[in-house]
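Residue numbers (the numbering used here): 672 to 896.
Please keep in mind that the hints were generated in silico from the structure rather than gathered at the bench. Heads up, some of the hints might be wrong.
In silico DSS-like cross-links for lysine-lysine, where the CA-CA straight-line distance does not exceed 30 Å [stated by the list, open to error]:
(1) LYS697 <-> LYS837
(2) LYS878 <-> LYS718
(3) LYS878 <-> LYS737
(4) LYS837 <-> LYS728
(5) LYS718 <-> LYS697
(6) LYS697 <-> LYS737
(7) LYS737 <-> LYS718
(8) LYS697 <-> LYS728
(9) LYS728 <-> LYS718
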Amino acid sequence: MPVEIREVSSGRELGRFIRFPFELYKDNDCWVPPLHFDERNTLRRDKNPAFDFCEAKYWLAYREGKIVGRVAGIINRAYVETWNQRYARFGWIDFVDDREVSAALLDQVEAWAASCGMHAVHGPLGFTDMDREGMLVEGFHELGTMATMYNFPYYPAHLEERGYAKDVDWLEYEVRTPDEIPERARQISHRVLERRGLRILDARKPKDFLPYARAIFDVINRAYG
Numbered sequence: 672m673p674v675e676i677r678e679v680s681s682g683r684e685l686g687r688f689i690r691f692p693f694e695l696y697k698d699n700d701c702w703v704p705p706l707h708f709d710e711r712n713t714l715r716r717d718k719n720p721a722f723d724f725c726e727a728k729y730w731l732a733y734r735e736g737k738i739v740g741r742v743a744g745i746i747n748r749a750y751v752e753t754w755n756q757r758y759a760r761f762g763w764i765d766f767v768d769d770r771e772v773s774a775a776l777l778d779q780v781e782a783w784a785a786s787c788g789m790h791a792v793h794g795p796l797g798f799t800d801m802d803r804e805g806m807l808v809e810g811f812h813e814l815g816t817m818a819t820m821y822n823f824p825y826y827p828a829h830l831e832e833r834g835y836a837k838d839v840d841w842l843e844y845e846v847r848t849p850d851e852i853p854e855r856a857r858q859i860s861h862r863v864l865e866r867r868g869l870r871i872l873d874a875r876k877p878k879d880f881l882p883y884a885r886a887i888f889d890v891i892n893r894a895y896g
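Please construct the entire structure, taking both the sequences and the accompanying hints into account.
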């Protein structure tokens, strides 16, 4: 049976879009599921402020009435204007190990991007750099995190066969913290705080962060913008 691509056009279909990887990875111990409400708030136009400068569409791939893949197409107009690159993005891409499925999903994103005047497609990316990005190419036996991407080993091969090429390597490190802070580290920390006139914010509730929210995001924008 051929692969059928359907655009997500209702809240119920968006729920199916979000739940698909839960079924796909249900037997994989390394996949860490995202929070369902967080995914929904990110993907909904009325919840995500990134839609002030982004547009997006979502698609599901079906075969014989069963969902076998998903993908999001995104255009970040702020990126296009800032970098003068008419690039669309694909993200939230998941699929069974079937070349026809992955090809149909990418064909859909590429056709949509071209219809919107874009010259290229890159990804996996989200709306902004605050979303999860990239595709795992090594370390499939390692436990993922909520902040990083996890995918099956066959994903990169499917994309490379479609002509996509790796742009950059991102490395992830695991730092194990000791049960107790070493005394030398404690002394160095104290001296740095004292010399720089710094202090540690004792924030225990979300409201404790509110007075500093704008400054926090300003630092993030300057560090990663």
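Okay, the hints, checked on the actual structure:
A distance of roughly 28 Å separates the Cα atoms of LYS697 and LYS837; the hinted pair therefore holds under the 30 Å criterion. At roughly 20 Å between alpha-carbon atoms, LYS878 and LYS718 fall within 30 Å of each other, so this suggested pair holds. For the given pair, LYS878 sits about 44 Å from LYS737 by alpha-carbon distance, which is inconsistent with the 30 Å threshold. As the CA atoms of LYS837 and LYS728 are separated by approximately 24 Å, the hinted pair is consistent with the 30 Å bound.
For the hint pairing LYS718 with LYS697, the CA-to-CA distance comes to about 28 Å; that is within 30 Å, so the pair holds. Pair hint LYS697 plus LYS737 holds up; C-alpha atoms about 16 Å apart against a cutoff of 30 Å. Distance restraint check for LYS737 and LYS718: the Cα-Cα separation of roughly 29 Å lies within the 30 Å cut-off, and the hinted pair is therefore satisfied. As the CA atoms of LYS697 and LYS728 are separated by approximately 26 Å, the hinted pair is consistent with the 30 Å bound.
Restraint check: the Cα-Cα separation between LYS728 and LYS718 comes to about 15 Å, which is no more than 30 Å; the hinted pair holds.
In this structure, only the earlier hint numbered 3 is contradicted, and the remaining ones agree with it.
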